[in-house]
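Given next are the chains, with one letter for each unit.
Protein chains: 2
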Amino acid sequence: MNKQVLLAQRPDGLPTKSTWIFQEVEIQEPKEGEVVIKQHYISLDPAMRGWMRDGKSYIEPVVVGDVMRAGTVGEVIKAHNHPKFKVGDFISGWGGVQQFTTTNAKGYHKIDPTIAPLPMYLGTMGMPGMTAYFGILKVGELKEGDIVLVSGAAGAVGSLVGQIAKIKGCRVVGIAGGKDKCDYLVNELGFDAAIDYKSENIYSGLKKHCPDGIDIFFDNVGGEILDAALLKLRMHARVVICGAISQYNVTEKPKGPGNYMSLLVNRATMKGMVVFDYAKQYDEAIIDYLQWMKDGKLKSNEDIYDGIENFHETFLRLFSGNKLGKLILKVLE
Amino acid sequence: MNKQVLLAQRPDGLPTKSTWIFQEVEIQEPKEGEVVIKQHYISLDPAMRGWMRDGKSYIEPVVVGDVMRAGTVGEVIKAHNHPKFKVGDFISGWGGVQQFTTTNAKGYHKIDPTIAPLPMYLGTMGMPGMTAYFGILKVGELKEGDIVLVSGAAGAVGSLVGQIAKIKGCRVVGIAGGKDKCDYLVNELGFDAAIDYKSENIYSGLKKHCPDGIDIFFDNVGGEILDAALLKLRMHARVVICGAISQYNVTEKPKGPGNYMSLLVNRATMKGMVVFDYAKQYDEAIIDYLQWMKDGKLKSNEDIYDGIENFHETFLRLFSGNKLGKLILKVLE
Chain A
1238 MNKQVLLAQR
1248 PDGLPTKSTW
1258 IFQEVEIQEP
1268 KEGEVVIKQH
1278 YISLDPAMRG
1288 WMRDGKSYIE
1298 PVVVGDVMRA
1308 GTVGEVIKAH
1318 NHPKFKVGDF
1328 ISGWGGVQQF
1338 TTTNAKGYHK
1348 IDPTIAPLPM
1358 YLGTMGMPGM
1368 TAYFGILKVG
1378 ELKEGDIVLV
1388 SGAAGAVGSL
1398 VGQIAKIKGC
1408 RVVGIAGGKD
1418 KCDYLVNELG
1428 FDAAIDYKSE
1438 NIYSGLKKHC
1448 PDGIDIFFDN
1458 VGGEILDAAL
1468 LKLRMHARVV
1478 ICGAISQYNV
1488 TEKPKGPGNY
1498 MSLLVNRATM
1508 KGMVVFDYAK
1518 QYDEAIIDYL
1528 QWMKDGKLKS
1538 NEDIYDGIEN
1548 FHETFLRLFS
1558 GNKLGKLILK
1568 VLE
Chain B
1238 MNKQVLLAQR
1248 PDGLPTKSTW
1258 IFQEVEIQEP
1268 KEGEVVIKQH
1278 YISLDPAMRG
1288 WMRDGKSYIE
1298 PVVVGDVMRA
1308 GTVGEVIKAH
1318 NHPKFKVGDF
1328 ISGWGGVQQF
1338 TTTNAKGYHK
1348 IDPTIAPLPM
1358 YLGTMGMPGM
1368 TAYFGILKVG
1378 ELKEGDIVLV
1388 SGAAGAVGSL
1398 VGQIAKIKGC
1408 RVVGIAGGKD
1418 KCDYLVNELG
1428 FDAAIDYKSE
1438 NIYSGLKKHC
1448 PDGIDIFFDN
1458 VGGEILDAAL
1468 LKLRMHARVV
1478 ICGAISQYNV
1488 TEKPKGPGNY
1498 MSLLVNRATM
1508 KGMVVFDYAK
1518 QYDEAIIDYL
1528 QWMKDGKLKS
1538 NEDIYDGIEN
1548 FHETFLRLFS
1558 GNKLGKLILK
1568 VLE
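Protein chains in written order, with the working numbering: chain A, 1238 to 1570; chain B, 1238 to 1570.
Please note: incorrect hints may appear among the correct ones.
Copies of the same chain look alike in the list, so a pair counts if it fits in one copy or across any two.
Computed list of lysine-lysine pairs in BS3-like fashion (alpha-carbon distance at most 30 Å, straight line) [what the hints assert, rightly or not]:
| id | residue 1 | residue 2 |
| --- | --- | --- |
| 1 | 1490 | 1347 |
| 2 | 1445 | 1323 |
| 3 | 1534 | 1293 |
| 4 | 1293 | 1445 |
| 5 | 1380 | 1490 |
| 6 | 1444 | 1492 |
| 7 | 1380 | 1517 |
| 8 | 1268 | 1445 |
| 9 | 1380 | 1567 |
| 10 | 1347 | 1534 |
| 11 | 1445 | 1567 |
| 12 | 1492 | 1445 |
| 13 | 1240 | 1492 |
| 14 | 1240 | 1375 |
| 15 | 1435 | 1490 |
| 16 | 1567 | 1492 |
| 17 | 1531 | 1403 |
| 18 | 1254 | 1531 |
| 19 | 1403 | 1517 |
| 20 | 1375 | 1567 |
| 21 | 1403 | 1445 |
| 22 | 1321 | 1254 |
| 23 | 1380 | 1293 |
| 24 | 1347 | 1567 |
| 25 | 1293 | 1435 |
| 26 | 1435 | 1254 |
| 27 | 1444 | 1293 |
Hints listed in this document are in silico derivations from the structure and should not be mistaken for laboratory results.
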């Protein structure tokens, strides 16, 4: 049997239990050219909240009544003349929030669990890793010596952005919620400083830790943090808009950055990014990440919770911030 | 005697009569290396409102008690061993809101009233012209076939931006206040369409006139217009932040664009600009403007009011929109 989570209705604000339908169905047999994947891990990402919303975006919204979209890693347990994958292959793709996925596996790619542990293919070696790598290096146009500010710095993307910037010879300041996360950034990941937005006023934190301003702001958060960071831009600064987690569950209209005229004063640029645009260059990032991890220069942190039954509560950790690094749900051994 | 206008105090909101001190003083004699300029025309620009505000910007604020900063064109009537200018020269620079300026004339440049009428050196051949030219061509990275939206489209900068885009083979839609201005844009300046934000809902206006979205939004206005335009961005669109006149007199915090996540969805860029950065290339713009005007492809419109005594009321026309094209005050014959 296959336990799965469907989108029951589009939430207004934070998802609740009634946002989801939990159901158990028979595992679907593969047709010609299809495989059945036994999913081990499911990726929980802030972007999923966006996919639940109706309206134009960079990707189609999840249809109400469908299995909730999510990235997965799992093992092929059945294959019916599949052109690319065979039983025993580990593959990653958009398997959705379920234990077994029967699919033609278009868009999936093979992964090697002997090179990196399976969950890491949902984090550093997956979408968040690619987002961080191309976001800071290509979109942010990182240069040695830049002063880099990262919000959501203890998250899957932010923690990698900061570490890449350190590897490239920058000063890095992270913004995160809580003393533990801030200590982790400075003591474990080598950030130069961290601002705890839950206990510190963000404006005074920036004044203290970014006295000379910032060359790059990599934003995962939006809201007041984006607004405050804009006031610290140096000439020709770049603001990378990667996400806006603080605004994903607001029921009124999202808050815009009132200080955006700082872009004019400082001849600065605010750029949006979507990681899929860099798909052809993912290998480049993979090679660098593996080398950096081997050299002990970069740490990958996966925060793994257990059981598809706990999907709802675990998903909410994205928005409460009650997790560290990449949030993952283990669904089958 | 020299009539002049000083900044009496920094206004909270729209300037009032008490913002200014009108006074008459003796014309200051030139010292060694100085000239006395008899000013004919004074430029009235939205940017002046920004210079009246305290705090960090791209230029020092006007000091309370000083002559209000403004661009001017006038004639040298006295010179005391000036290295560059002699009596009879027409020169343009930051002469301020006064009839006579005694200065070392640093930053001034000579102008030729036989090539273009004097007031045009404050408009198309001056700062607004340079802003439009480099803003749309360099910052906006205009390409033939782009769909271009311009706010403040009947203003000094906006009217030129739209005309340049037409010359370069683009579809151009302007946003302006009132039927007369909109008719002027379409019938006189050759815009493809105009949206009257005073009588039309901006969202439905955009839906109607930009059904395929926009590649460039050149924004002089900010506020709700910026927010609405963000929803119409096409992939890789550019938003040029040139000004935010709707926000210059607000007493609360300026409104930020709540729809800024459209930058992410559309991999778009929002860029600030300050015209002074292009000072070395001004000649390039001058040559093009003269040729375009000679060829009948571009119209320069100066809206000229008379008398330094009317400075306050005339200045307010910038914010009421009660003017067309470049706003200029004639101060002496």
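Status of the hints after comparison with the structure:
no.	hint	verdict
1	1490 <-> 1347	neither (41 Å within a copy, 51 Å between copies)
2	1445 <-> 1323	neither (56 Å within a copy, 52 Å between copies)
3	1534 <-> 1293	neither (40 Å within a copy, 39 Å between copies)
4	1293 <-> 1445	between (40 Å within a copy, 18 Å between copies)
5	1380 <-> 1490	neither (35 Å within a copy, 33 Å between copies)
6	1444 <-> 1492	both (23 Å within a copy, 23 Å between copies)
7	1380 <-> 1517	both (23 Å within a copy, 26 Å between copies)
8	1268 <-> 1445	neither (61 Å within a copy, 47 Å between copies)
9	1380 <-> 1567	neither (38 Å within a copy, 49 Å between copies)
10	1347 <-> 1534	within (26 Å within a copy, 59 Å between copies)
11	1445 <-> 1567	neither (40 Å within a copy, 49 Å between copies)
12	1492 <-> 1445	both (25 Å within a copy, 27 Å between copies)
13	1240 <-> 1492	neither (38 Å within a copy, 46 Å between copies)
14	1240 <-> 1375	neither (40 Å within a copy, 55 Å between copies)
15	1435 <-> 1490	both (23 Å within a copy, 23 Å between copies)
16	1567 <-> 1492	neither (35 Å within a copy, 43 Å between copies)
17	1531 <-> 1403	within (16 Å within a copy, 56 Å between copies)
18	1254 <-> 1531	neither (42 Å within a copy, 70 Å between copies)
19	1403 <-> 1517	within (25 Å within a copy, 37 Å between copies)
20	1375 <-> 1567	neither (32 Å within a copy, 50 Å between copies)
21	1403 <-> 1445	within (20 Å within a copy, 49 Å between copies)
22	1321 <-> 1254	neither (38 Å within a copy, 78 Å between copies)
23	1380 <-> 1293	between (34 Å within a copy, 26 Å between copies)
24	1347 <-> 1567	within (19 Å within a copy, 74 Å between copies)
25	1293 <-> 1435	between (33 Å within a copy, 28 Å between copies)
26	1435 <-> 1254	within (27 Å within a copy, 45 Å between copies)
27	1444 <-> 1293	between (38 Å within a copy, 14 Å between copies)
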